[in-house]
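Need the complex rebuilt from these two chains, each delivered in its own frame; the hints are there to steer you.
Protein sequence lines, in the order shown, are assigned to chains A and B.
All the letters of the first sequence, read from the start, carry residue numbers 1 to 223 under this note's numbering.
All the letters of the second sequence, read from the start, carry residue numbers 1001 to 1481 under this note's numbering.
Since the hints were made in silico from the structure, they are not lab data.
In this text the structure is predicted, and so the values were computed from the model without any measurement.
Among the clues, some could well be false.
Each pair of labels, with its calculated beta carbon distance range [what the hints assert, rightly or not]: (1) A:116 - B:1094: 52 to 60 Å; (2) B:1276 - A:120: 17 to 25 Å; (3) B:1183 - A:59: 20 to 28 Å; (4) B:1197 - A:59: 25 to 33 Å.
Over the 12 Å line for every Cβ pair with chain A, so calculated as not near, a few chain B residues [what the hints assert, rightly or not]: (5) 1064; (6) 1132; (7) 1263.
Note that beta-carbon positions come from the ideal geometry of N, C-alpha and C, so glycine has one too.
The lines below spell out each chain.
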Amino acid sequence: MNGPPVLLALDALTGALFLLTALGVVATRQVLASLQLFILQSLLLTVSAVLLGIGLGSIHLIAVAAITIATKTLLIPWLLRRTVSAEVYRTREIERVLNIPSSLLIAAVLIVLAYVVANPLLSAVELPFAQINLPLGIAAMFLGTFTIVVRREAVPQLLGLLAVENGVFFAGVAIVPNLPVIAELAAAVDVPVVALVIGMLTRRIYARLGTTSVGELASLRDN
Amino acid sequence: MELVGILVIPLLASGLSLLPLGRRFAAPITLLATAIVLGLALAVAAEAARTGHVVASGEWLTCDGLGALVLLLVAFVGFTAALFSWGYIAESVKRGGHKSIRQYYALYNLFVLSMLLVPLLANVALMWIAVELTTLLSAFLVGFEDTPEALEAAWKYVVLTTLGAVLALLGFLVLYWGSRVAGLEPFTWVGLVEAAPRMPPALLWSAFLFILVGFGTKVGLVPMHTWLPDAHSQAPASICALLSGVETTTVLYVILRLFPVVGGAPGLDARPWFVGFGLLSVTIATLLLIYVRDFKRMFAFSTVEHMGIILVAAGLGGADAHLGAAYQMTGHAIAKSFCFFAAGVTVLGVGTQEIASVRGLVRSSPLAAIALLAGGFAIAGAPPFAVFVSEFVILKAGLATGQYIVVGLLAFLVVVAFCAVMVHVNRMAFGTPEHDVQALTLPRSCKLTLALAAVPLLLIGIYVPAPLQDLLKAAASAMGG
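Looking at chain B on its own, in the form it has when it is part of the complex (with noise of 0.2 Å):
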């Protein structure tokens, strides 16, 4: 039942945003909605690493281990986007343009309500639809700021994404065809891992291939991802925090699921395909990183470093790597979120995003200036935070199974990547104003979110709670691990 109301009650919402009773209603009636949404996924994520079964209702809607990760992690950036979006949101409208609130809410509403519904469906056409369907809705909300930028990033994130998901539903397709080939009924993950040594080879590599690529373009895997540093850049922050933290790990979500049907089949092997992809995102990433000049770029950048550390996570396979995968899924969107609020603050503060604009935020606005670090350190994996940890646990899981020369690749990249994020945000923070900036009183729920979401964020690289620990290791095995 828990399943049916984290799908109903965002579609509720997203109505009832749209009733004309004054624009005031529609942030409260999202708040309640992903809080209510947020509950429901932690009872679903509890139940699903406790018994370790598939959490069910009916055969349509399903969620194992890895699912109610994802499922938790959509839900909460949901809500703390939610609380984020009140207040930010009402300044954006006041600074003008053609913006509406009741649009953004409903839009938001159903943007978070799609995103749950990809772990969910049972049904892997089905799930093709939810991924879809992500962008459609989320399209507008990138624009929303309505400045030539926004409106030039939301049409290359619409044509580019979109052509990413027909690629890939030609895979599935193809999937589709193999999977009656072996003799499978419905069309459903747990059916694929099983029929998978009874495809013909040929369509499965081919349908991997074919999704990879075509869902690669959406999480943001060199050489697909130029649309991305655009779209979450230009968005609103709050927006921001739902692209780079989940939306991109909803996608991945997807092709990790594909880790183990490749897997089951005699003589096909994903790794090398997953371990390339990502290496070279994350080069190409630390590369961008390092020249970047506009910080919520720098954030987006990270966001395909960081997808890229999880592909290699998987690819390296194990179960050790993939528990440091889902670790990290886990630490980078909350710590990716995170840094989306501080760059949001941070851009009412100042009123730029260049990075060489901005010095001494800590006198000017001190509260921006701590989150701004606080997330650098977290996302670019400074010790104790989650992605420290976890980015630990993976180049450990890939010395002992031997494969020196990824690990010795990627630990480089990764502590190169950790310099050019700390000195960015350390010009920002630190020096000289150039000229005199007049404090901004920052609305209260945009503080009342930073105060919120850090503290998974601090907490969650020093002390995994038993309950999620058991999710983890839940989710690495759905991987195959």
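Just chain A, same shape as in the assembly (with noise of 0.2 Å):
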């Protein structure tokens, strides 16, 4: 299972650059900026893929790499346009409850708390790649957890999801690199479609509200 160094040294370089993606999606000030953090950080996904899929002699990896480029750099991206136009492309400034200051300390907490809980997994299984993988993905998910808990507006809040769903899947290509294909497929189905779900909710509460803060509705409160 041992990859060769070179191949660890770009997957590193990758995994670098993933969070930083994920930390741009918590920092950033407006939505499109967002969406193209987020297709960057699928790219990212894809080159890891690739890159594993080489070490490990993986040709699921490189299907998975290929379905990535598919829905989440074309399919996604063409979803929204379609359905949240005006809310992606009105270049303005996102609300948010926190500053961008204490935002960023607290993701560097996450980052470590990612650590913490990838370590014990890591130390139970010598897996060379998921060294590299497993705490990032895991950190990228803290983070996109945090951008929806942070983030008032409907569009933010999916991309949050779906920086979510890309951490899972950074981690999931170093430690299953054999899921059987029927998993990769569903699970390519899966992302397009909350993505087209939430889009067209977001339309309809447009539609109905003139408003996509869903940070703002709190008409349902216990007193």
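Quick look at the structure:
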């Protein structure tokens, strides 16, 4: 299972950039920039899947790479353009709950936490690529979740959710390089469907309420 | 063959509902389809109970005792809620808004199908996808009323439960990793129980925690429950019956499946986590039940409470507690769907969901009042309803194994929750109406649903037929009891 050192080094570089895009999604001010960061993050996921595919000799991972390119860099941006184009392409600032410095401070804590969570797994099983991908994938998951919490707008929340999904797959390609093809295909269908359902829901909220600040919706409260 | 039929029929019905034959066909087609599915599910459950074997159709579809119980509950509520929808949704569409009957029934059939898939799919990775589909297919059903509140509820529902499902996905990937290390090839529940002792404990434990928190969000465990009262109170009553009655149970089923897997590994013990999460959910839900002001929300909080009770029962351990958990799942699904049907006709009658604005319902709408009272008694756990019996079984099993503190706390909370629900329901049924409410003629299908759903509601606490008893025992043993 041991990959060549050059592949490991390239994967580590990809992982570092992957984490940076996740941080970027937390910190960015524009909706369009969030979408572009998400596409970049998906491309980095593809690169990692290809590197691991070569390193581990797994054809499955090449399939994962192809599916990721098709769904996350082409299909999802297209779907979002169709369903919520006004929201994505109008340049404006995103409302947020926390300011950027404190957001980044919490993000740093979350990254450390990701290593704490991943450590017992990595010491239990020896797997070279997982040393890079698992903690960084979990970190991206935590950062995506954090994005959903601090954003009050529909599209940035959706992008946070998709970033969490990217994090899971970034970890997944290293720990289960041979997942059955049927599961890969199903996951490939799942991600665009999530984007489609949420996009259509956003459009209906916009049509009905004239806003997509879902954080402002607070009529349902307990006392 | 039954298993294939159970999956093909809703798919056909969904397609037929979309045909532009006129909106009148979608409801009867859906009703017919769900009736056939219920018949097939009864046959599967009877076979699983009688033989104690796994009913299988090829290597992809399998169904043991616990699976058959969940299958039967989904099929039952799927049928009664379809009957209720016939009149209720027609009435709702008449009242205006951007609504389509054909779209409702197409999604309804697919939503029921996704819930039927969860207990049937042998491959655990595919089962995760089925759980994810339950959210995606029901999102527009939750927002069906097209009010700002309904859309807000649908938004929270989709974003939070999908986030939970993605966290759970990492858990399942780690579980798959562990099963490969242990040399397991097909990724099935049976295989996992077998392979658990050979898996690295660190992997199994992390997987368990990710899945418990992730899917716990969808079950409505505190503190991940915040979306549940919104979605379960804003959806149309027929969908609430499905969401609260069986969707939560279906996902809880997945968590319960992990119990024997984790239990099989040396040095790991899931029980304190089950008891802890369960008791926390029951405590918070009970507090919220006292102060609740909306009666559909009240039934939603009661769902959080019941999911907690079932989790505690599983965590207490032992055959008796697990039998109580299986019985509680059954009693809850039947009673909770009935409660939402009762709440639905009440809303049709009085036009509000606020407890304080409903007084003297017995005079203005006797049927709704009687249904609310019966549902309230049944779900709160008054004798002779099933929930009383199952809670008694669970508490007794806990005492027998000497877990006095857990049992004492649970008993106290259950009694407080009982009083809270009964006070609210009594206030709505009796008292003097503040202003005259004109008596509304309820849709015939809604009345029929209440009459039909009342039969198992009243019977199952007093008399459990032998095949159902066998099924409950088989379900309990699948939980590792």
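Structure-based check of all given hints:
no.	hint	verdict
1	A:116 - B:1094: 52 to 60 Å	holds (57 Å)
2	B:1276 - A:120: 17 to 25 Å	holds (21 Å)
3	B:1183 - A:59: 20 to 28 Å	holds (22 Å)
4	B:1197 - A:59: 25 to 33 Å	holds (32 Å)
5	1064	holds (22 Å)
6	1132	violated (6 Å)
7	1263	holds (19 Å)
Of the numbered hints stated above, the single one contradicted by the structure is hint 6.
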